[in-house]
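Q: So you can see what is in the structure, the chains are spelled out below.
Protein chains: 8
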Amino acid sequence: MSSISNTPESPTARPRVAVVYGSASDAQTMSKAGATLSRFGVAHEEAVLSAHRAPRTLADWVEGLRGRGIQVVIAGAGLAAALPGTVAALTTLPVIGVPISGGALDGMDSMLAIAQMPPGVAVATVGLNNATNAAVLAVQILALSDQELAGKLVTYKDDFERAAADGLARVAAASPAGASA
Amino acid sequence: MSSISNTPESPTARPRVAVVYGSASDAQTMSKAGATLSRFGVAHEEAVLSAHRAPRTLADWVEGLRGRGIQVVIAGAGLAAALPGTVAALTTLPVIGVPISGGALDGMDSMLAIAQMPPGVAVATVGLNNATNAAVLAVQILALSDQELAGKLVTYKDDFERAAADGLARVAAASPAGASA
Amino acid sequence: MSSISNTPESPTARPRVAVVYGSASDAQTMSKAGATLSRFGVAHEEAVLSAHRAPRTLADWVEGLRGRGIQVVIAGAGLAAALPGTVAALTTLPVIGVPISGGALDGMDSMLAIAQMPPGVAVATVGLNNATNAAVLAVQILALSDQELAGKLVTYKDDFERAAADGLARVAAASPAGASA
Amino acid sequence: MSSISNTPESPTARPRVAVVYGSASDAQTMSKAGATLSRFGVAHEEAVLSAHRAPRTLADWVEGLRGRGIQVVIAGAGLAAALPGTVAALTTLPVIGVPISGGALDGMDSMLAIAQMPPGVAVATVGLNNATNAAVLAVQILALSDQELAGKLVTYKDDFERAAADGLARVAAASPAGASA
Amino acid sequence: MSSISNTPESPTARPRVAVVYGSASDAQTMSKAGATLSRFGVAHEEAVLSAHRAPRTLADWVEGLRGRGIQVVIAGAGLAAALPGTVAALTTLPVIGVPISGGALDGMDSMLAIAQMPPGVAVATVGLNNATNAAVLAVQILALSDQELAGKLVTYKDDFERAAADGLARVAAASPAGASA
Amino acid sequence: MSSISNTPESPTARPRVAVVYGSASDAQTMSKAGATLSRFGVAHEEAVLSAHRAPRTLADWVEGLRGRGIQVVIAGAGLAAALPGTVAALTTLPVIGVPISGGALDGMDSMLAIAQMPPGVAVATVGLNNATNAAVLAVQILALSDQELAGKLVTYKDDFERAAADGLARVAAASPAGASA
Amino acid sequence: MSSISNTPESPTARPRVAVVYGSASDAQTMSKAGATLSRFGVAHEEAVLSAHRAPRTLADWVEGLRGRGIQVVIAGAGLAAALPGTVAALTTLPVIGVPISGGALDGMDSMLAIAQMPPGVAVATVGLNNATNAAVLAVQILALSDQELAGKLVTYKDDFERAAADGLARVAAASPAGASA
Amino acid sequence: MSSISNTPESPTARPRVAVVYGSASDAQTMSKAGATLSRFGVAHEEAVLSAHRAPRTLADWVEGLRGRGIQVVIAGAGLAAALPGTVAALTTLPVIGVPISGGALDGMDSMLAIAQMPPGVAVATVGLNNATNAAVLAVQILALSDQELAGKLVTYKDDFERAAADGLARVAAASPAGASA
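Chains as they are written, first to last, in the numbering used here: chain A, 1 to 181; chain B, 182 to 362; chain C, 363 to 543; chain D, 544 to 724; chain E, 725 to 905; chain F, 906 to 1086; chain G, 1087 to 1267; chain H, 1268 to 1448.
Next up, chain A with everything else stripped away, as it sits in the complex:
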């Protein structure tokens, strides 16, 4: 479907992105972040850590991020989604928040809890459950100083245009008169 092929990389590639989420039940939604990062050949680490249930373990984990070479954090959470903001409060690395819609309020609660930060402590919020876009954003950030990644992003976008144009051409070929009624 895409002309970007997953880049082979050595198993010991150092992770540049950390993906963290508040509950094991968020794993499936958040797996799209990992899948997209892998598609771009960006190594990442993953952790399950609740800001409310394990605040001290989380603080220690954030403390160690920079030392392990992490440059961007992707944090997903539902309900009173404190995780992204708590991580952002504890680091100066860019933090991308993924609101997850598992609660009774369709995720609106988590989107507001993640986006509405006080001036000075920012979270880059993406759409509900849209872990793919969190990864794309992380790749865009890393690509600012990584020419190879920058090139892959261009290909990634061109693929979308090409697929759309191909679709139009197929429809035009199928309906000689170009119309249905």
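Keep in mind that a hint or two might mislead.
Unchecked claim - Chain E regions said to be covered by chain G (calculated; three or more residues, Cβ under 8 angstroms):
#, region
1, 781-795
2, 838-850
As the list claims (entries may be wrong) - Examples of chain A residues toward chain H, derived with CB under 7 angstroms:
#, residue
3, T29
4, S31
5, T92
6, A122
Honestly, the hints are just simulated from the structure, not real lab data. No residue lacks a Cβ here, since even glycine has one placed at the ideal position from N, Cα and C.
We have chain A already, so just place chains B, C, D, E, F, G and H on it with the hints.
A: Relative to the frame of chain A, chains B, C, D, E, F, G and H by itself:
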């Protein structure tokens, strides 16, 4: 069910309406637009084009609309539903927007994204998933300079009244005393 | 500000658009529709009629629209904004609905009441209080069979592009280095 | 479950309440109104009439209500739920509105469309899908001049208290210590 | 403005409607109920009683309603608007609830708290702050067994139609061509 | 999963917490309160009582709470969730409210109905359906004067931290390079 | 207005309640908590600490609470209101959260961010801006082991009933016929 | 207030961030972005460009960004806020979106329109009107390859902690007993 019969037309009838939507997953919802246009014998073309994923292919497609004889565009989209507004920004043809409720917020996000345009660039928004009404609106617009279509619209509305009156009559016949308790 | 000058027209020009709203308190919001129609030289008539308070007077008024040469109706209403839908139920002319935000719920109630019509009876809903866009939409519809109006619409859109480009040029000229910090 | 037994009545009892709704798909929800009216021995008539699709048939039907002896109207509708307000606009009988949650917005659209009427034309709105309460309200209104109904209402309420007290007694009997841990 | 003149009545007319609200700050909003009742010559009594702050005083007051000849209760409340439902729980008289928008959530909280009652205990909810409609509803209920009131209601509605028709006539007279542009 | 084992206790332990909810259909949601109280060895009693359907039985039940040794009340309700506020109005014991999402509005109606109390009569509201947290809150309150409970709470929280840290350790052990791509 | 007089106390009374909020702009709203605590003679301390801007200073402050004799924490916050949840994550004391409506979303964002905690870490949420009720709740909790406070609470509630009954009596005295029309 | 002093820089410093918004009326809100960037000594350029009114001028402007050395785009918009998404569709640079609350729906419409992007085209959304955080995020991104900026960010965060700790100390010094009642 209706006294309008689909008008037979030559397979090469030139489309007057273009139906476009952002993702193949919107096809089923949007198919009601095509079905209703066909019922009125209005030829149309159809395309799948995302404003965000394929902006250049979309711009080219909009550029060609008037040359192909299109008079009205029906654009359906979900989430941050940019498609109708993007098309409206690029053409002076009337654009009808169909908000689609596939997202986690019940479609409220797409309805607002479609309706709340800045002064000067308008989109005619219909109800959530209501592609039928987008087609009815397109027919009403075309009927202003097409007497045959205007006549079909009158019949279309009369059918609703007749069906309702028939329903009342059936109920009255079934319950001689006109009441149940 | 714009290169479209209001077209002089004879005082007896026959109105092609009817603007109706439910309460005298909506007059100021709805006056933007009249102002925009005038800018395009489109004659219109105006009426204050509540669907809930004067249903019979409204029905008579709708009955007479086509005879008076009206082609498009713009209907504004707030709260349980029944006016646009009631007019749409009684005519086959295209009806454009303007939700008005005068109620305690920020106009969300009127937007939903106007947009969420049943299949078969459509209202073209614009943004909250956006009577300007209702008029633009009416002009776009009339322009399908009025070459002069079609030309004015192209100019209207070009003016927006030109104003934007001029703004960029002014900024670039003012900041020789193109930057501020 | 209740000590009110359905009152036998002659099949020709004249209906005092009319139940109307906009679409056959509302029949199941609205059937609770009929069931509750029957439980109180109040005869009613029922009709399916859309305010938007069959406005003239509806107006005729409303015209005839008083002549047929109807004293209260229960009107259910979903989406841009115009039916209750349209009926209220055409009669001075009390109209009770039942918002129905069949749309994509959980029924919030229909609740607002029914409740937010302009001053002077009122609809008595009950909870979402709560046709039972529409019937209870109708019975309470009729009971003001019907001693037998008034008595049944007292019994109806007492039954709730008795059932609650019986429940407490059963629990107390089952857990001798009155506690669980 | 209206052809209904306030009916003179003896100062000792027995109140048929009770108007109650939860806080003195609701008095201005609720005064529209009293004004409308007076316009129809319906005597009423008024009380300030909070369901949450004075539950026992409220229960005593409800207990005495029927004895004092009250037939309908109008109850207004904001926030977690328990008053209408609490009154409805304690009486079989019809209770009309007025949600008041004084809280931080624009009154949506009070509308839901009033409307969403459990099956069996009903409140007739009107629009936000719309105490006028609560009174109209009360009058419609009383008019079922009061011919004089029924006549006044017909006049009240006719006045709306007449005012609307007069408005149309004035506009037509003012613009000989019937149009503006 | 946890190092707190349920404390064995005599079957006649006197309940310190009362759990009450408005409808039998709330039993499953509310059972998490009982389960959590039991986990901490806190005896409780349980009742099904609707504020709207059985106001007098409820008032009697609240009257008896203090005499039976109850110190905290947990009240769950959906829709126009009056139960927690009604209990709070009738007692000076702390009342914890659990909004239940069984209605058509996702529970937002019950959350607002429970939380938005007037100044002076408070309900401690927890998240939607979160009866577990209502019990945790009750335990925290009781623990202020119960050293054993206070100790269990510390263990309860430590368990969360330990589980999180163990999870991190497992992941680190499994991915020697600490990364995936 | 009330028969509870503020209890004189020595200036060195040890605070039992801590009031904390995220921004100096919350001080006025939160001052109602202090005023109500003082009315009951409950000493408290106050701090301004943002969970997002000063997470480490906040953690230290929470660490010291129990040692200073604090038994209940009242935490107020607006926007992505993390403060109450962050405090609850770091202590086993009961935490009462006050959502503050200073943001663009009327405080709904802060209410959801405070209430929707994960199971196991609870916050007792009160209504928007309702710091008074946070204090009442704190007093109710402390009163479980403080007879004097318990007595004051009974008086506090009785005052509400008495004021309501007095109001009714005044109205009855003023309108000999008990009615107005 | 802060220990970061604005870095003097040559007037010809090349802008690394572009700030764009849809309407001149957004200038004041968006000026916080420029102010914050300046505080960190990051040069930026600014433009007013509507995605809907000037789509072609916007496309040209986006085309030129990379050539002018721009690394991050901050895009603010209200209503059907298409600008951030449109820019993101046309570039692979990271785009930060600022929803602006100028519309009738409190900005919720713009937040959803900006955040709810389709997978593959991401916008980093910050809180309503929070242009400050957009700038902080831009600085965090640039700091990944700019040691001086990274150092300034650490100071920026430390200032918040220091200010909070100083505030606590001042309060403690002012109230010797540490309490008020």
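Q: Does the structure break any of the earlier hints, and which numbers would those be?
A: Numbers 2, 3 and 4 - these are the hints that the structure violates, sorted from lowest upward.
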